[in-house]
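Protein chains: 2
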Amino acid sequence: MIKTISWDRGTVVMIDQKALPHEERYVTCRKYEEVIAAINDMTIRGAPAVGIAAAMGIALGVLNSPEKQMKENFYSICDAFSRTRPTAVNLFWAIDRMKSRFEKEFASTPHIKADTVKKALTEEALYIHEKDIRANRQMGVHGKHLIEDGNTILTHCNAGALATGGYGTALGVIRAAHEEGKKIHVLVDETRPLLQGARLTAWEMKNEGIPATLIIDSMAGSFMKRGMVDLVMVGADRIAANGDVANKIGTYSLAVLARENGIPFYVVAPISTIDHHTRTGNEMPLEERSGEEVLEFHGTQIAPEGFNAHNPSFDVTPKRYITAIITEKGIITAPFGKGIKDLA
Amino acid sequence: MIKTISWDRGTVVMIDQKALPHEERYVTCRKYEEVIAAINDMTIRGAPAVGIAAAMGIALGVLNSPEKQMKENFYSICDAFSRTRPTAVNLFWAIDRMKSRFEKEFASTPHIKADTVKKALTEEALYIHEKDIRANRQMGVHGKHLIEDGNTILTHCNAGALATGGYGTALGVIRAAHEEGKKIHVLVDETRPLLQGARLTAWEMKNEGIPATLIIDSMAGSFMKRGMVDLVMVGADRIAANGDVANKIGTYSLAVLARENGIPFYVVAPISTIDHHTRTGNEMPLEERSGEEVLEFHGTQIAPEGFNAHNPSFDVTPKRYITAIITEKGIITAPFGKGIKDLA
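Chains as they are written, first to last, in our numbering: chain C, 14 to 357; chain U, 14 to 357.
Among the clues, some could well be false.
Computed footprint of chain C on chain U, listed as stretches where at least three residues anywhere in the stretch have a Cβ under 8 angstroms from a Cβ of chain C [as the list claims (entries may be wrong)]:
{"#": "1", "stretch": "205-216"}
{"#": "2", "stretch": "229-238"}
No farther apart than 25 angstroms at their CA atoms in a straight line, the calculated lysine to any residue pairs in the SDA-like style are these [what the hints assert, rightly or not]:
{"#": "3", "chain 1": "U", "residue 1": "K219", "chain 2": "C", "residue 2": "E305"}
{"#": "4", "chain 1": "U", "residue 1": "K131", "chain 2": "U", "residue 2": "D109"}
{"#": "5", "chain 1": "U", "residue 1": "K238", "chain 2": "C", "residue 2": "H290"}
{"#": "6", "chain 1": "C", "residue 1": "K219", "chain 2": "U", "residue 2": "G312"}
{"#": "7", "chain 1": "U", "residue 1": "K31", "chain 2": "C", "residue 2": "Q314"}
{"#": "8", "chain 1": "U", "residue 1": "K196", "chain 2": "C", "residue 2": "H290"}
Hints were generated in silico from the structure; no laboratory data involved. Here a beta-carbon is modelled for each residue, glycine too, at the ideal position from N, C-alpha and C.
Could you put together the complete structure from these sequences and hints?
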């Protein structure tokens with residue numbers, strides 16, 4: 014089992030996803046600022062994993078906080094984490110959970126005891142982590158029936174163990190089908206600019222012995238047209254109340270191409286990815302990262318010196334292109350708004 | 014004016030497209046085998062440019078051939094060029110032209126004179142080159158009206174001066190609109206795996222002072238959906254008699270996404286790209302290059318050691334997604350089969 018992130022005696026340990034697949038290196042964060050830096054520079058990434066990292070980071074920050082400033086520090090630490098990445102809603106969900114727990118502790122005692130709060134927040138962060146892994150397994154249980162023996166599944170970016178507490182969302186369902194003995198093949202989109210497919214999904218597939226082939230993102234449509242893809246399965250960074258999905262840039266194109274070719278398009282995500290306050294995809298904040306990530310490839314400058322680049326990290330897939338959303342509580346199909354409401 | 018390829022006193026000189034955009038280096042081929050190697054390793058690429066290189070390479074081979082073996086050598090050299098790359102039909106068109114000229118020379122004299130043949134073949138190769146540049150300019154004349162002041166044009170791969178004798182097909186039309194003083198903006202798909210967009214199209218746009226921004230291939234669909242693309246303009250490697258188009262992998266996806274978003278999708282190509290013997294896109298041979306191009310970048314391995322990759326270089330866009338095909342003889346619209354026939 015891949016250890017994406019863990020709490021180890023008052024430190025947060027995470028696998029360095031920038032170093033994969035060539036090196037399996039672990040980073041130990043002793044201060045909450047180090048966890049923030051790890052989220053910002055993509056040492057850890059993936060919507061659910063970022064939420065867990067924030068929860069552990071907040072616990073870490075409070076652990077190192079003097080009793081007198083604890084309350085003030087807690088809120089400023091939460092604010093700092095909320096500024097790391099704008100799109101993935103699991104981050105805000107995790108911060109909100111930590112806030113609720115913190116406030117519950119305060120509410121229950123007139124005189125706050127530092128040790129009690131620290132213990133409570135550590136407990137909450139670990140609970141968020143465990144809950145995520147359990148949720149992933151449940152998505153596998155619900156979703157594996159959608160994959161038939163002999164199927165080729167196209168996936169984009171990394172919605173695997175590395176993007177979550179462990180096991181994965183889209184790759185969790187693929188893992189579950191594989192564990193059941195189904196003969197499957199995975200087409201892995203390389204996922205420019207940061208190559209999470211080529212580096213991370215390929216690494217997970219290889220480790221697990223799941224047959225897989227790497228392709229360039231722009232090949233996906235052609236493979237669909239040639240009848241070489243049976244279904245598409247991706248993760249999500251935010252799901253609006255109406256069922257629109259924000260996910261890694263390129264997801265929208267895959268959804269359009271899947272519909273054009275009559276191929277089912279599945280989104281796999283925990284219910285913590287659903288943002289009930291965002292009505293549609295049009296309201297979602299979409300992160301724009303540095304153009305350098307586009308102008309360079311793996312550290313090598315590729316475009317002419319001084320050239321401009323756009324670098325939106327996410328796009329929005331309107332619900333009409335989505336066949337079903339697989340969550341730990343069950344599978345949602347159209348009309349998605351109702352399904353999402355019923356789940357809540 | 015970019016000198017993609019030229020004939021210089023019995024040698025073929027070409028800009029090394031592998032070294033661009035960082036280095037403007039020229040390669041001199043003194044033997045036809047060097048021209049073949051340059052086509053194979055993509056020192057020169059782009060359907061029309063490859064045709065010109067083959068014509069010049071054949072002339073070069075015959076120039077260096079002893080009189081006695083000239084006929085035998087001529088045909089074996091033609092065969093060698095025809096084995097370089099399977100999809101772009103301009104290569105076969107150019108070889109056929111050289112064959113016709115060669116046979117015409119033989120037919121007109123009972124005793125072939127080596128010098129006459131050499132002169133004739135050199136003339137023919139230079140004529141093919143000049144004809145291509147003139148055709149590009151004409152495509153510009155016909156196509157520039159499709160671009161309005163203020164438009165943003167999305168392009169894929171490099172259909173520019175570097176892909177042709179000079180000036181370009183899709184980029185030729187863009188150049189013509191720019192030369193007319195229209196304020197335009199070009200969105201440049203980077204075009205994995207070999208990054209012809211990031212390296213070559215970006216370089217051409219920068220040299221010419223045409224405002225342009227680099228994007229990742231999988232961003233194109235999202236930019237279309239967000240209303241940031243007014244039209245798509247690409248080149249072609251082979252056009253079937255019915256109007257189906259083979260072009261750089263990723264073109265099909267762009268065409269589907271353009272239609273989904275109500276954006277015109279234009280193909281710009283000389284009539285030498287039309288293959289009247291291929292009825293539909295289903296019959297076209299599509300080159301599959303080494304998976305290493307996908308697994309590595311600039312010599313750096315990106316995927317895990319020993320991973321598999323697919324690497325088809327081209328895909329087929331069915332005619333139903335194409336708004337118009339712009340040739341030097343005019344603009345073809347649906348029904349394409351009739352338009353193509355009328356042109357011939």
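Checked hints:
| no. | hint | verdict |
| --- | --- | --- |
| 1 | 205-216 | holds (count 7) |
| 2 | 229-238 | holds (count 9) |
| 3 | K219(U) / E305(C) | holds (17 angstroms) |
| 4 | K131(U) / D109(U) | holds (17 angstroms) |
| 5 | K238(U) / H290(C) | holds (23 angstroms) |
| 6 | K219(C) / G312(U) | holds (22 angstroms) |
| 7 | K31(U) / Q314(C) | holds (14 angstroms) |
| 8 | K196(U) / H290(C) | violated (41 angstroms) |
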